[in-house]
Amino acid sequence: MAIEFSLNIGPVKSKRVESDKLYDTLIIGGGPAGLNAALYAKRKGLQVGILTQKVGGQVLDTKIVENYLGHAKITGEELMKEFEEHVKEYDVPISDEIQVTQIECKEYKEIHTARNETYKAKTVIFATGSIPRMLGVPGEKEYNGKGVSYCAICDGSLYQDGIVMVVGGGNAAIGSAIDLSRIAKKVMIVHRSKFRADQILLDRLNEQENIEIYLGTEIKEIIGQSRMTNVTVLDKNTGQVRSIKVEGIFIEIGHVPKTECLKGLVKLDNKGEIIVDANGETSEPGIFAAGDVANVKYKQIIIAAAEGAKAALSATEYINKGKH
Amino acid sequence: MAMIDDNSKKQIKTLFEQLKEQVNVVLVVKEEECETCSDTKTFVTEMTDLNEKLVLEVIDVSDEKAKTLGVTMTPAIILLDKDNKDYGIKFYGIPAGHEINSFIMGLIEVSGAGEVLPDDVIARIEKIDKPVDIKVFITLSCPHCPGAVAKAHKLAFMNKNVNAQMIEANTFNEISTKYNVSGVPKIVINEDTELLGDQPLDAFLNSIEGL
Chain A
312 MAIEFSLNIG PVKSKRVESD KLYDTLIIGG GPAGLNAALY AKRKGLQVGI LTQKVGGQVL
372 DTKIVENYLG HAKITGEELM KEFEEHVKEY DVPISDEIQV TQIECKEYKE IHTARNETYK
432 AKTVIFATGS IPRMLGVPGE KEYNGKGVSY CAICDGSLYQ DGIVMVVGGG NAAIGSAIDL
492 SRIAKKVMIV HRSKFRADQI LLDRLNEQEN IEIYLGTEIK EIIGQSRMTN VTVLDKNTGQ
552 VRSIKVEGIF IEIGHVPKTE CLKGLVKLDN KGEIIVDANG ETSEPGIFAA GDVANVKYKQ
612 IIIAAAEGAK AALSATEYIN KGKH
Chain B
4 MAMIDDNSKK QIKTLFEQLK EQVNVVLVVK EEECETCSDT KTFVTEMTDL NEKLVLEVID
64 VSDEKAKTLG VTMTPAIILL DKDNKDYGIK FYGIPAGHEI NSFIMGLIEV SGAGEVLPDD
124 VIARIEKIDK PVDIKVFITL SCPHCPGAVA KAHKLAFMNK NVNAQMIEAN TFNEISTKYN
184 VSGVPKIVIN EDTELLGDQP LDAFLNSIEG L
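First to last, the protein sequences are chains A and B. First residue of the first sequence: 312, per this note's numbering; consecutive thereafter. First residue of the second sequence: 4, per this note's numbering; consecutive thereafter.
Take the hints with a grain of salt, since some may be wrong.
What the hints assert, rightly or not - Dumping the calculated SDA-like pairs for lysine to any residue here, alpha-carbon to alpha-carbon at most 20 Å:
1) A:LYS365 to B:ASP205
2) A:LYS324 to B:ASP8
3) A:LYS326 to B:LYS13
4) A:LYS392 to B:ASP205
5) B:LYS16 to A:SER325
6) A:LYS374 to B:LEU72
7) A:LYS399 to B:ASP205
8) A:LYS392 to B:LYS13
9) A:LYS326 to B:LYS68
10) A:LYS365 to B:HIS147
Rather than coming from a laboratory, the hints here were simulated on the basis of the structure.
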């Protein structure tokens with residue numbers, strides 16, 4: 312058995328953000344956008360801190376990243392560890408396990424958390440990212456963790472020699488299907504329309520002999536008993552409905568923005584994403600947004616990181632103009 | 004050939020500088036029918052060799068001590084403090100892959116150098132007055148799993164009524180099937196309360212308080 316190690320505890324433990332201190336900018340979220348915003352803000356001389364549930368964000372769920380310039384091939388986790396270590400060099404306080412419940416704009420911005428703490432800042436950069444989108448079909452919630460999974464790298468190894476299904480047509484879905492094809496006996500990939508993944512991934516997908524592809528196919532229901540056993544699908548080309556026996560279903564159909572704590576504070580678009588201008592400003596002065604939570608169309612690590620930098624520079628300008 | 008590469012060893016050594024007191028690491032193995040015992044032994048030996056505060060003892064599952072520690076499956080790793088106090092912290096299966104992180108955190112915790120929690124959380128943990136058994140099912144490729152394991156172990160460390168075990172789902176197929184594990188981390192508290200995912204400490208405490 313090949314044994315690998317994924318050490319990701321940094322040697323230096325970050326200080327935590329203090330609740331009685333006024334910061335220039337507090338960043339909510341610890342993914343690429345939040346970490347890069349912290350780096351840029353700190354280098355501009357701002358008092359900055361990060362409040363996050365977990366450092367690393369959804370990149371942690373990506374097995375291999377091949378499109379971050381300067382890294383031909385790196386695991387999502389290693390990339391995020393590099394980001395984190397880089398930020399740590401600048402002594403930025405980072406509080407993890409923080410769930411923000413509300414942001415209030417008073418004299419300063421007040422950030423309230425689930426543990427009833429309040430943090431204060433002149434500006435806030437909202438970089439909370441997104442969570443996996445659910446299919447919204449009957450049985451999906453019921454069998455979550457009982458065959459339904461949103462994390463192929465976490466749960467894939469539980470399906471050795473099994474038959475699994477992947478739903479989705481983007482890079483995440485295709486990448487998961489390829490990874491799973493090395494573990495499972497058979498992988499079926501189901502997508503309601505055409506694939507939109509990178510051609511280089513689709514070429515690799517087609518090389519795998521144990522992957523079956525079903526395009527123009529919709530998931531209707533997930534059924535089972537103590538755990539899931541079957542998926543009901545509709546072939547939109549023929550109108551035929553059938554039940555397919557699978558042990559697990561991996562849902563990779565994109566993400567929905569995490570904005571619940573904003574509660575009408577800033578304007579959102581019809582997808583629920585925060586509307587930002589070209590400089591990362593939201594509709595509320597002093598509140599900036601970056602990364603997958605914002606209405607920047609392409610959701611990529613390098614874009615999220617760059618948007619984080621922009622938001623930090625905008626926040627700096629806002630503070631220097633004395634607008635707070 | 005060494006199992007842990009030199010670069011990782013260097014990093015782990017730096018992390019082990021945080022260790023405060025001695026930790027007595029007990030590895031329970033079985034001579035036959037234990038596919039991963041020998042790898043686990045190599046791994047734990049290499050880890051404990053990295054700092055003199057880590058003292059390893061390897062025993063067979065038939066040993067009386069294994070029974071006293073309540074070990075039911077092999078390989079198992081139990082972390083005892085310098086006075087051989089058992090906090091109910093166990094790892095069933097090799098804590099390699101991502102789980103090396105929770106193993107290191109466990110060692111630091113039992114050495115007395117764990118992260119200090121806010122006062123109100125400490126008060127909630129100290130109030131637990133009934134027996135609580137936490138099983139955290141994991142896979143070695145799961146980035147969210149070490150967080151869940153470390154939190155369960157921290158609860159065990161802080162309250163004698165709490166026992167917490169990491170269980171590697173692929174090594175212990177039978178028990179994983181019994182608990183219907185098909186997504187990790189899966190947290191099972193006192194047999195029938197289940198949590199999915201790397202839950203915050205608050206969620207653990209809410210479940211425990213609701214027992």
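Status of each hint after checking the structure:
For the hint linking LYS365 (chain A) to ASP205 (chain B), the alpha-carbon distance of about 15 Å falls within 20 Å, and the restraint holds. Using a Cα cut-off of 20 Å, the hinted pair LYS324 (chain A) and ASP8 (chain B) is violated, with the two alpha carbons roughly 23 Å apart. As the CA atoms of LYS326 (chain A) and LYS13 (chain B) are separated by approximately 23 Å, the hinted pair breaks the 20 Å bound. Restraint check for LYS392 (chain A) and ASP205 (chain B): not satisfied, since their Cα atoms lie roughly 26 Å apart, outside the 20 Å limit.
Pair hint LYS16 (chain B) plus SER325 (chain A) holds up; C-alpha atoms about 19 Å apart against a cutoff of 20 Å. With a C-alpha separation of about 37 Å, the suggested pairing of LYS374 (chain A) with LEU72 (chain B) is violated against the 20 Å cut-off. For the suggested pair LYS399 (chain A) and ASP205 (chain B), the alpha carbons sit about 27 Å apart, so the restraint of at most 20 Å is broken. Taking the CA atoms of LYS392 (chain A) and LYS13 (chain B), the gap is about 16 Å. The hint holds against a cut of 20 Å.
Note on LYS326 (chain A) and LYS68 (chain B): the hinted pairing is violated, with a Cα-Cα distance of about 41 Å set against a maximum of 20 Å. Among the hinted pairs, LYS365 (chain A) with HIS147 (chain B) is consistent with the structure: their alpha-carbon atoms are about 10 Å apart, no more than 20 Å.
In summary, the structure is inconsistent with hints 2, 3, 4, 6, 7, 9 from the numbered list given earlier, while agreeing with the others.
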